[in-house]
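**Q** As you go down the protein sequences, you meet chains A and B in turn.
Under the working numbering, think of the first position of the first sequence as 54, with each following residue one higher.
Under the working numbering, think of the first position of the second sequence as 54, with each following residue one higher.
Keep in mind the hints are simulated off the structure, nothing from the lab.
Any given hint might turn out to be false.
Identical copies carry no separate label here, and so any pair may be met within one copy or between two of them.
Unchecked claim - Under the rule of at most 30 Å between Cα atoms (straight-line distance), these lysine-lysine pairs were calculated in the BS3-like manner: (1) K278 to K132; (2) K140 to K285; (3) K359 to K183; (4) K268 to K278; (5) K56 to K132; (6) K285 to K378; (7) K268 to K132; (8) K277 to K140; (9) K210 to K99; (10) K380 to K278; (11) K362 to K285; (12) K132 to K378; (13) K308 to K394; (14) K210 to K56; (15) K183 to K278; (16) K340 to K285; (17) K285 to K359; (18) K183 to K268; (19) K378 to K277; (20) K317 to K210.
Protein chains: 2
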Amino acid sequence: MKKSYLFSPGPTPVPPEVSLAMAQPILHHRTSQFTEIFNEAREGLKYVFQTERDVIILASSGTGAMEAAVSNVLSPGDKAVCIRGGKFGERWAEICESYGVIPVNIDVEWGEAVKVEEVARVLEANPEVKAVLWQASETSTGVKHPTEELASLCREKGVLSIVDGITAIGVFDVKTDQWGLDVVVSGSQKAFMLPPGLAFICLSEKAWEAVENSKCPKYYFDLKKELNNQKKGQTAYTPAVSLIMGLRESIRLIKEEGLENVFKRHALLAKATREAMKAIGLELFSKSPSEAVTAVKVPPGIDGGKIPKILRDKYGVVIAGGQAKLKGKIFRISHMGYVTKFDMVLAVSAVEGVLKELGYDFEVGAGVKRAQEILWGE
Amino acid sequence: MKKSYLFSPGPTPVPPEVSLAMAQPILHHRTSQFTEIFNEAREGLKYVFQTERDVIILASSGTGAMEAAVSNVLSPGDKAVCIRGGKFGERWAEICESYGVIPVNIDVEWGEAVKVEEVARVLEANPEVKAVLWQASETSTGVKHPTEELASLCREKGVLSIVDGITAIGVFDVKTDQWGLDVVVSGSQKAFMLPPGLAFICLSEKAWEAVENSKCPKYYFDLKKELNNQKKGQTAYTPAVSLIMGLRESIRLIKEEGLENVFKRHALLAKATREAMKAIGLELFSKSPSEAVTAVKVPPGIDGGKIPKILRDKYGVVIAGGQAKLKGKIFRISHMGYVTKFDMVLAVSAVEGVLKELGYDFEVGAGVKRAQEILWGE
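For reference, chain A alone in the conformation it holds in the complex (with noise of 0.2 Å):
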């Protein structure tokens, strides 16, 4: 017998709640009952999103949104700031590069957040840029960039902000409106707690003016054709249905629980989880943590790819590996969306039995005291 435990930082577990929405028969969408349900998840998604502003639905996976961010909003010859301090901050610079968008990269050591004086100076030296593009949590290393900050900047400066908000819209504090971010985008299965196959984008005025000088070819990805459309509660073509009844079945759960208490609860899982590695004497990769992920160094001596690969297998229990030149070097806990206290417990629980299997020394028993602690004391 075997039962499995995801705590991949993408996809994450879905609510039963939502598997049985998902499983209704499907909708043709050219219907009003569609229309009720569409309009209904897009209402919900403004209240995850934090906006007034409409937030329209792509059938694709996060990057599908992030392409839609920079070929509607820019155009080719134009230079934009890329954060790059993980493999998604490349993303966005390799975006760039495909539409012949100029980027200019600040590359920051992975593992730290990027100081927003560097920000403010490279947009002094290059004041032809017309955006800053970075993640608000860095799923590859874990970070969380200082979104708050670099917006104000950028409003500063006049130059659009452009958000990778995919582990971090519904995961912790993003104010789109209040903090004026320009474009947020956002994927399903993450704090949506549903399967891969949606994304979520949400522009400010000013990028819906941006996108109207856009000269980037696009179809597929017409942010302008969408939202005619998604006004009227359709879509520009075919939608994913069935994951668009299970979103409207996962922003209830959200609602219900409270925005504000989700962020909390994400909060206390991700310090119970970092604290747990620290009591068993590991140590954090990231600086700047997000409440999304934790990622933790592999200790010297222990083969990292191992941890992983024997906690999936043996154990049931997925838990993500490091990505490019992180790989091997460390391993990552998610803790966002459909995750309680006793699912952070297992988590930590199977790190000590594998590092254990694998001749780590250390005490063991420590690090599930210490998320105890942390869970059920404060």
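Please build the complex by placing chain B on the supplied structure of chain A, with the hints as guidance.
**A** Frame of chain A, contents of chain B only:
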């Protein structure tokens, strides 16, 4: 009490086995467990596409794969013949225009199939054309274009054949390899009996050579990058995991029935529908009917918009109306995917019911009787 019955030409009904497969706990995609499912689905796609080549799976609706076909194989300034015999033929031309590809349009009367001689004439008059783009089945009109003959013409003239097989692959016989089709596109929500959200695309060696020279920007729909990943049982970006779990199951069902039998079933259901409509005095819209969907002219004096609306809201039976300039003029009944003889009797019965209600003069029961004769008598 109201039961729902779906006869829209996408999405089509999802079998319970497939719904259950999709309701399984979600998997992390960077695992051997996912790769096993993904590879099995990919092998199955080759069977349904009748190809030995890789069929790439994208997280998007079919239009995304149509865009990928253009943006990966063609370049700005290239000329491409677009066969415009309906809404989806127009879409090919629109996508080309978005990317600076110059469409040479062949406008076909909606409801009719393109004449191969006409395409030959246009190719002779435009020797610089790189590709011909068409629909194997034009969903908006219920028309089947002569794909085998067009492919043969393309080979003869040395131009690429780019085929929208969204309502053709798995519906009726399309021999991707044997007919020498260069690009074939399909989607999940038709014969594949899945919710919308996956698109499929298959390229010939000649098309892959064209990819090397393509100058259109692309990132999310970068097929070369996808192929490199998918050959290793992975995807470039997060795949729509639950839909892929469903895809493996739906292909299992198709294999169990056998592709030839699936085609025969679709052909029989389509014939029964056509004959039933004629038996109650209605006229078919398509002069070259597709086995995917039967398009029927709204009889004079009847408000065409009311037919699908009453069927849906009062009877729980979902069929499609006409799109674009056919709005109110035709209605469309799908018979692709998870549809049985009994379902077809039900659809015909429902059409009789609504037409009676709307005051159309006909012999009630004549349609269902004729359908029965075809379904059981032959």
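**Q** Now, for every hint given, state plainly whether the structure supports it.
**A** Structure-based check of each hint:
1. Taking the shortest alpha-carbon separations for K278 and K132, both the intra-copy value of 25 Å and the inter-copy value of 25 Å come in at or below 30 Å.
2. Taking the closest pair of Cα atoms, K140 and K285 come within 30 Å of each other only across two copies (20 Å); inside a single copy the shortest separation is 37 Å, beyond that limit.
3. In this homomeric assembly, K359 and K183 never come within 30 Å of each other (Cα to Cα): the closest approach is 44 Å inside a single copy and 50 Å across copies.
4. When the C-alpha separation of K268 and K278 is checked against a cutoff of 30 Å, the pair qualifies both within a copy, at 15 Å, and between copies, at 24 Å.
5. Within a single copy, K56 and K132 get their C-alpha atoms no closer than 49 Å, and across copies no closer than 56 Å, so neither meets the 30 Å cut-off.
6. In this assembly of identical chains, K285 and K378 lie within 30 Å of each other by CA distance solely across copies; the values are 19 Å between and 45 Å within a copy.
7. Taking the shortest alpha-carbon separations for K268 and K132, both the intra-copy value of 14 Å and the inter-copy value of 21 Å come in at or below 30 Å.
8. Taking the shortest alpha-carbon separations for K277 and K140, both the intra-copy value of 29 Å and the inter-copy value of 20 Å come in at or below 30 Å.
9. Taking the shortest alpha-carbon separations for K210 and K99, only the intra-copy value of 27 Å comes in at or below 30 Å, while the best inter-copy value is 53 Å.
10. In this assembly of identical chains, K380 and K278 lie within 30 Å of each other by CA distance solely across copies; the values are 20 Å between and 40 Å within a copy.
11. In this assembly of identical chains, the alpha carbons of K362 and K285 lie at most 30 Å apart only when taken from different copies (18 Å versus 47 Å within one copy).
12. Only within a single protomer do K132 and K378 lie at most 30 Å apart by alpha-carbon distance; the minimum there is 27 Å, versus 43 Å between protomers.
13. For the identical chains of this complex, K308 and K394 are intra-copy neighbours only, at 20 Å inside a copy versus 44 Å across copies, given an alpha-carbon limit of 30 Å.
14. Taking CA atoms no more than 30 Å apart as the test, K210 paired with K56 passes in neither setting, with 52 Å inside one copy and 58 Å between copies.
15. Proximity of K183 and K278 under a CA criterion of 30 Å is satisfied in both settings, with 23 Å inside one chain copy and 29 Å between copies.
16. With identical chains, the CA atoms of K340 and K285 are never at most 30 Å apart, being 45 Å at best within one copy and 34 Å at best between copies.
17. Only between protomers do K285 and K359 lie at most 30 Å apart by alpha-carbon distance; the minimum there is 20 Å, versus 51 Å within a single protomer.
18. Proximity of K183 to K268 under the C-alpha cut-off of 30 Å is found in both arrangements, the shortest distances being 14 Å within a copy and 25 Å between copies.
19. Taking the shortest Cα distances, K378 and K277 sit within 30 Å of each other only across copies (23 Å), while inside one copy they are farther apart (38 Å).
20. Proximity of K317 and K210 under a CA criterion of 30 Å is satisfied in neither setting, with 33 Å inside one chain copy and 65 Å between copies.
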